[in-house]
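J.: Please build the complex by placing chains B, C, D, E and F on the supplied structure of chain A, with the hints as guidance.
Protein chains in written order, with full-length UniProt numbering: chain A, 1 to 241; chain B, 1 to 241; chain C, 1 to 241; chain D, 1 to 241; chain E, 1 to 241; chain F, 1 to 241.
These are calculated hints, taken from the structure and not from any lab test.
A quick note: this is a predicted structure, and the numbers were derived from the prediction, not measured.
Hints should not be assumed to be uniformly reliable.
Said to hold, decoys possible - Derived EDC-like pairs: lysine to aspartate or glutamate, alpha-carbon spacing no greater than 16 Å straight-line:
no. : chain 1 : residue 1 : chain 2 : residue 2
1   : F       : Lys-85    : E       : Glu-80
2   : A       : Lys-57    : A       : Glu-112
3   : C       : Lys-85    : B       : Asp-78
4   : D       : Lys-85    : C       : Glu-92
5   : E       : Lys-85    : D       : Asp-106
6   : F       : Lys-57    : F       : Asp-106
7   : F       : Lys-57    : F       : Glu-92
8   : A       : Lys-85    : F       : Asp-78
9   : D       : Lys-57    : D       : Asp-106
10  : E       : Lys-57    : E       : Glu-112
11  : D       : Lys-85    : C       : Glu-80
12  : E       : Lys-57    : D       : Asp-106
13  : A       : Lys-57    : A       : Glu-92
14  : F       : Lys-85    : A       : Glu-80
15  : A       : Lys-85    : F       : Glu-80
16  : E       : Lys-85    : F       : Glu-92
17  : C       : Lys-57    : C       : Glu-112
18  : B       : Lys-85    : C       : Glu-92
Stated by the list, open to error - Estimated spans, in silico, between C-beta atoms of each pair:
no. : chain 1 : residue 1 : chain 2 : residue 2 : range
19  : F       : Leu-239   : A       : Glu-20    : 50 to 58 Å
20  : E       : Ser-77    : F       : Asp-185   : 34 to 42 Å
21  : A       : Glu-20    : F       : Pro-6     : 50 to 58 Å
22  : C       : Asp-183   : D       : Asp-185   : 30 to 38 Å
23  : D       : Phe-53    : A       : Asp-106   : 56 to 64 Å
Stated by the list, open to error - Covered by chain C, per the in silico footprint, the following chain B stretches (three or more residues, Cβ under 8 Å):
no. : stretch
24  : 16-27
25  : 39-51
26  : 55-69
27  : 84-92
28  : 110-121
Where is the CB? At the ideal position from N, CA and C, for every residue including glycine.
Here's the letter readout for the chains.
6 protein chains.
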Amino acid sequence: MSIARPSGRAPDQLREVRIERGFTRHAEGSVLVSFGETRVLCTASIDNRVPAFLRGKGEGWVTAEYGMLPRATHTRSDREAARGKQGGRTLEIQRLIGRSLRACVDRSALGERTITLDCDVLQADGGTRTAAITGAYVALVDAVRWLQARREIARDPVFGAVAAVSVGVYRGVPVLDLDYAEDSDCDTDMNVVMNDGGGFIELQGTAEGHAFRRDELDALLALAESGVATLLERQREALGR
Amino acid sequence: MSIARPSGRAPDQLREVRIERGFTRHAEGSVLVSFGETRVLCTASIDNRVPAFLRGKGEGWVTAEYGMLPRATHTRSDREAARGKQGGRTLEIQRLIGRSLRACVDRSALGERTITLDCDVLQADGGTRTAAITGAYVALVDAVRWLQARREIARDPVFGAVAAVSVGVYRGVPVLDLDYAEDSDCDTDMNVVMNDGGGFIELQGTAEGHAFRRDELDALLALAESGVATLLERQREALGR
Amino acid sequence: MSIARPSGRAPDQLREVRIERGFTRHAEGSVLVSFGETRVLCTASIDNRVPAFLRGKGEGWVTAEYGMLPRATHTRSDREAARGKQGGRTLEIQRLIGRSLRACVDRSALGERTITLDCDVLQADGGTRTAAITGAYVALVDAVRWLQARREIARDPVFGAVAAVSVGVYRGVPVLDLDYAEDSDCDTDMNVVMNDGGGFIELQGTAEGHAFRRDELDALLALAESGVATLLERQREALGR
Amino acid sequence: MSIARPSGRAPDQLREVRIERGFTRHAEGSVLVSFGETRVLCTASIDNRVPAFLRGKGEGWVTAEYGMLPRATHTRSDREAARGKQGGRTLEIQRLIGRSLRACVDRSALGERTITLDCDVLQADGGTRTAAITGAYVALVDAVRWLQARREIARDPVFGAVAAVSVGVYRGVPVLDLDYAEDSDCDTDMNVVMNDGGGFIELQGTAEGHAFRRDELDALLALAESGVATLLERQREALGR
Amino acid sequence: MSIARPSGRAPDQLREVRIERGFTRHAEGSVLVSFGETRVLCTASIDNRVPAFLRGKGEGWVTAEYGMLPRATHTRSDREAARGKQGGRTLEIQRLIGRSLRACVDRSALGERTITLDCDVLQADGGTRTAAITGAYVALVDAVRWLQARREIARDPVFGAVAAVSVGVYRGVPVLDLDYAEDSDCDTDMNVVMNDGGGFIELQGTAEGHAFRRDELDALLALAESGVATLLERQREALGR
Amino acid sequence: MSIARPSGRAPDQLREVRIERGFTRHAEGSVLVSFGETRVLCTASIDNRVPAFLRGKGEGWVTAEYGMLPRATHTRSDREAARGKQGGRTLEIQRLIGRSLRACVDRSALGERTITLDCDVLQADGGTRTAAITGAYVALVDAVRWLQARREIARDPVFGAVAAVSVGVYRGVPVLDLDYAEDSDCDTDMNVVMNDGGGFIELQGTAEGHAFRRDELDALLALAESGVATLLERQREALGR
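Excised from the complex, chain A in its bound form:
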């Protein structure tokens, strides 16, 4: 079964992935991640306080916020700050990013501090949330290295690695890493967050056109596994491991 993806990519081919550390200078970690034309700035900020529900427990917290510049998209969207609230999609995505990153952090080892991962989309072409998770992991590691360099923490609170990719059924064929043209015209869309042990952290699949069968799901999961493996490799290269 062969299709022409709008981008000309093979069904199991990722877009070009770039991970640029130190993109801005104030944050303890600052990464510009690109999945093709999707570009997300991920910063990690350290604060020596924790939310009220954790105070005095000796544990840290990792959380995320997500935003999209008004003209990151084909047509301009309203600025959420001007509308006076974050939309449902934004809240959903930032909750997903936060949960995903907490899955690779030992919060006791972090101590009573919060790391906030701000993921701001400078340019959108599909897959902003998976790019954000993949880039935020690198920013998180940089922030932790910053703490270690200052000897503020004794042992590394990050265990393993986390990356994410989207998969979907496009014109009947399972494909990896949907861009906007594919995303807006596909039958099924799934975001998969995995760790470097091959375990699943989050799985969010949505049937857009028609419900997906079990065999389609299996094919999508296989694609996601191979895509995440490559992304984890890119993270290691970027981090000089």
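T.: Frame of chain A, contents of chains B, C, D, E and F only:
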């Protein structure tokens, strides 16, 4: 592999499911659904207008709103209307309910009208979103029958049926239909929305404690398939089919 | 002077009143009160804190919140949580409920704790605020009994009883306990909150069509006194006194 | 039965009432009303539009908004515009003012226009809502005269007159027109809105300390009737009738 | 070069300035300032707390809030409290007033207390922000005298004086103290805040029609210097210095 | 008079200025402007509608919005979208940018369309608003060229050019283009917006420490004139003129 579930249920056993039609009288569809101690009032309201983005296209819309009474839970939560906004969890759930129900509606057959599914949790004991989807389907069918009885629509816009259930890994064992005691102490939690053709509509899995392996995922999906089959049967009975 | 009330009731006849305790299980007090087709769920929740203005004074607080499910009414209303604020009518009613219930509570005997009465209308057919006050009293007593059973308070902070009813001039005739059909077509509408000593707690009369004369006021007050007497009796029965 | 009111007034004595027309120049009606040290600026603004629910019906609308300057009171209150919402008390009062004034307006005679009565308290010493209603009536008449002078309306839409006063039980004695010192220390507080035919428009009584008996209510109503009669006389003098 | 100003004033002529102390009675300072038909009520309120960022530093704070009654203007504006937020213009003006007044206060001498200057426009005819600054200075001095009379502060925290005036290019001619008719039809508008040492505190110039040249700027500054000198004289007279 | 600026620059020396067109691909104009370490992404978006107050008048509109990524600064700031409103500083800056750019646009030539300039600060080191104005001008020209290339407008609506720079008195010496280290420690801070005819568009000077004298003002204006001249040159180079 045997565990004691807090409720004493077998791993593949649903809680008692009750679907009570006509619970309130003003709405075109009104269903009180219970999954054990979880009770959700689902009403379907018909409005002869559609959102701006659909005007003049001859298509209808199906959307959902979700709420929780302040003391539906063990300890009282703030009232969202008093805090001045709906939280991220609420928005995430109501978007999920809306997408799930739209997956069984032919919006052209519905015509230019909106059906709003209000799912309000009277009492919570885990699984409120899956109960809401399962009950909202029945309320939706009742609202459509109301339209048919008035001959306002020519053919039935609802095709097939949709139901949802949660599954999770509790103390190492895959179990079906988590209650609150299990939900707050499990490693993995997954909500599965399916249709009566055995297709998946939505899949949302989250690793709480540790990442889940592929074989655990397969076991969870098998449990979900059997649970949804029973729920679809309960819906048919309630609807007198 | 004889009229046909839409419901066929006599001018001084209440609708059927039902008070069902223990309607939900988490709240310290939980009452479903029905005045005919008007059904309000009243829960009483205990919190071991008081608002800032009372801290350290050894006194407790009793407050109320009021809400209406979107489709409790003939046509669907916007959800206040979604609109981002509570309307003027909601605030006015919940302030009234709170003041009314505080009128029968010795706040020193309650100690530094807050009891919040959530009154949520499941189905509306006129008189939701008077049903709410009448039901919230029973939920309040149940919450206080819960405290007494745990020996958390030494003496009963509730003195006497409080109930409420509406009266109005419908087509020239004073009538008791207006339902929606009467309420939307009456000249004068008055809500009366009284205690079991025959004293007035709150009196809120509004001329809808034309101003009401002193003799009409006297007739309405007499109807209210008899209606409240019956409601107080129903409360006693429900509480097993 | 004799008491010393803090102000030295007799129980049935109003504070000095002043009604100053034309206090500001842009509004079609602009009145500074003083009940003793309570001073409220009431403006009436005409707009040639009506709210959506009245469009095309040939009827007008009368509505009110109420505000308090932050330092109108003994201690500074937060500015509602800065807090981002109007409080429950504000909404309750402005709804009361609007209903009261609509009770003397023939909205068909007004035609499709809205008159907004803004009542802003410059200095508060008790009774701001009753002063606001009494002053807003005069501003309303001035706005109507402005329309008549321009021959924009054929006949006078204002029939009769409306005024309001507070009464209460202070240290066991029914008194008229409570100032702040009395208001914060009284057992019962009632606001009474009446027309010049002796009819009641609104009645809002609240037991602060203990419930009030029927005979106290009768005494309060008698005081209110006499107080309103004097206020109606002051309005006529101010309007040069 | 000669023009006819709408008001008939000479180009370098201020409107009639009135500064009325003690306009309301609760505030520690209360001034009604008039620049012609522009009338602003400025109150100074003392609070024995400081914002969080100053706590424990032994310094005080001076801040301002600005508001406009809905019908202070030719046509009614929406009430900001009802719209649920202060507009950009309001925030900009109140920040300007606050900065201007802080420029003449030794915050160490004030001690840990906040003085809030509420500037509420009762009637607007151009120049409300400059009138507000000029009047707020007098209210501030009165509040400080109140503290001194109670011996709560050892030395006067106010050094020098601050006043403000607008200047603009109207039909090609630089003029002083624009009223509304001039303001809405001028090419350049500048607000100038100065102290009694001839120093500039704030300068805010905006080209409305065309950019202004350096020689126009010089002429405007000269006008502003003379106007402020007169305003400072009026302040001294009002304060009985 | 000689000082050491923290950056080692001469008093009249700008930071390195970079203007990078086409930084993102969806917007009709997209410019990354850098004033040293301050980096602002300015996009121009065209919409074929105008605000309500301009509809049917044949004129266009130019407006601006400003934002700062949470970690653009030394310490993380709250995200305005999460707090639910834009702060006073943000509103003030975006109003300034909008006014400044409208000063070089013939809105009749633009026709009934809106150009929105989004200025988002990726990294802040002082002077974000002046960098934003300088960069937004280039984005605006690119958007107009886009319209011209499609022959949607007949003549160029942009006349002249606009650029902005900050000046201030740092340790007694007037300096050009303050960076963060200087800005947070200077006595006077002034933002100057000028056009290429040498005219002033906006002038906003604030005395931080002590009031500034007229001779200081003259020195600052001279510095600003020379700085803006250089910036206008950089704009021309970037635009290939």
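J.: Now tell me, hint by hint, if it's right for this structure.
T.: How the hints compare with the structure:
1. F:Lys-85 to E:Glu-80: Since the Cα atoms of Lys-85 of chain F and Glu-80 of chain E sit roughly 14 Å apart, the hinted pair holds (cutoff 16 Å).
2. A:Lys-57 to A:Glu-112: 8 Å, holds
3. C:Lys-85 to B:Asp-78: 13 Å, holds
4. D:Lys-85 to C:Glu-92: Distance of about 15 Å is within 16 Å: holds.
5. E:Lys-85 to D:Asp-106: 34 Å, violated
6. F:Lys-57 to F:Asp-106: Status holds; Cα separation ~14 Å.
7. F:Lys-57 to F:Glu-92: Distance ~27 Å between Lys-57 of chain F and Glu-92 of chain F Cα, so the pair is violated.
8. A:Lys-85 to F:Asp-78: Since the Cα atoms of Lys-85 of chain A and Asp-78 of chain F sit roughly 13 Å apart, the hinted pair holds (cutoff 16 Å).
9. D:Lys-57 to D:Asp-106: Holds. Lys-57 of chain D to Asp-106 of chain D sits at ~14 Å (cutoff 16 Å).
10. E:Lys-57 to E:Glu-112: 8 Å, holds
11. D:Lys-85 to C:Glu-80: 14 Å, holds
12. E:Lys-57 to D:Asp-106: 62 Å, violated
13. A:Lys-57 to A:Glu-92: Measuring from Cα to Cα gives roughly 28 Å; hence the hint is violated.
14. F:Lys-85 to A:Glu-80: Answer holds: Lys-85 of chain F to Glu-80 of chain A is near 9 Å, not above 16 Å.
15. A:Lys-85 to F:Glu-80: Answer holds: Lys-85 of chain A to Glu-80 of chain F is near 9 Å, not above 16 Å.
16. E:Lys-85 to F:Glu-92: Answer holds: Lys-85 of chain E to Glu-92 of chain F is near 15 Å, not above 16 Å.
17. C:Lys-57 to C:Glu-112: 8 Å, holds
18. B:Lys-85 to C:Glu-92: At roughly 20 Å apart (the allowed maximum being 16 Å), Glu-92 of chain C and Lys-85 of chain B break the hint.
19. F:Leu-239 to A:Glu-20: 50 to 58 Å: 28 Å, violated
20. E:Ser-77 to F:Asp-185: 34 to 42 Å: 40 Å, holds
21. A:Glu-20 to F:Pro-6: 50 to 58 Å: Check failed, 28 Å falls outside 50 to 58 Å.
22. C:Asp-183 to D:Asp-185: 30 to 38 Å: 37 Å, holds
23. D:Phe-53 to A:Asp-106: 56 to 64 Å: The hint (56 to 64 Å, Cβ to Cβ) holds, given that Phe-53 of chain D and Asp-106 of chain A are roughly 59 Å apart.
24. 16-27: holds (count 4)
25. 39-51: Answer holds; 5 residues pass the 8 Å Cβ test.
26. 55-69: Since three or more residues must qualify, the claim that chain C covers the stretch 55-69 of chain B holds, with 3 doing so at under 8 Å.
27. 84-92: Result for this restraint: holds, n = 4.
28. 110-121: Per the Cβ count (3), the hint holds.
This entry does not satisfy hints 5, 7, 12, 13, 18, 19 and 21, going by the numbered hints stated previously.
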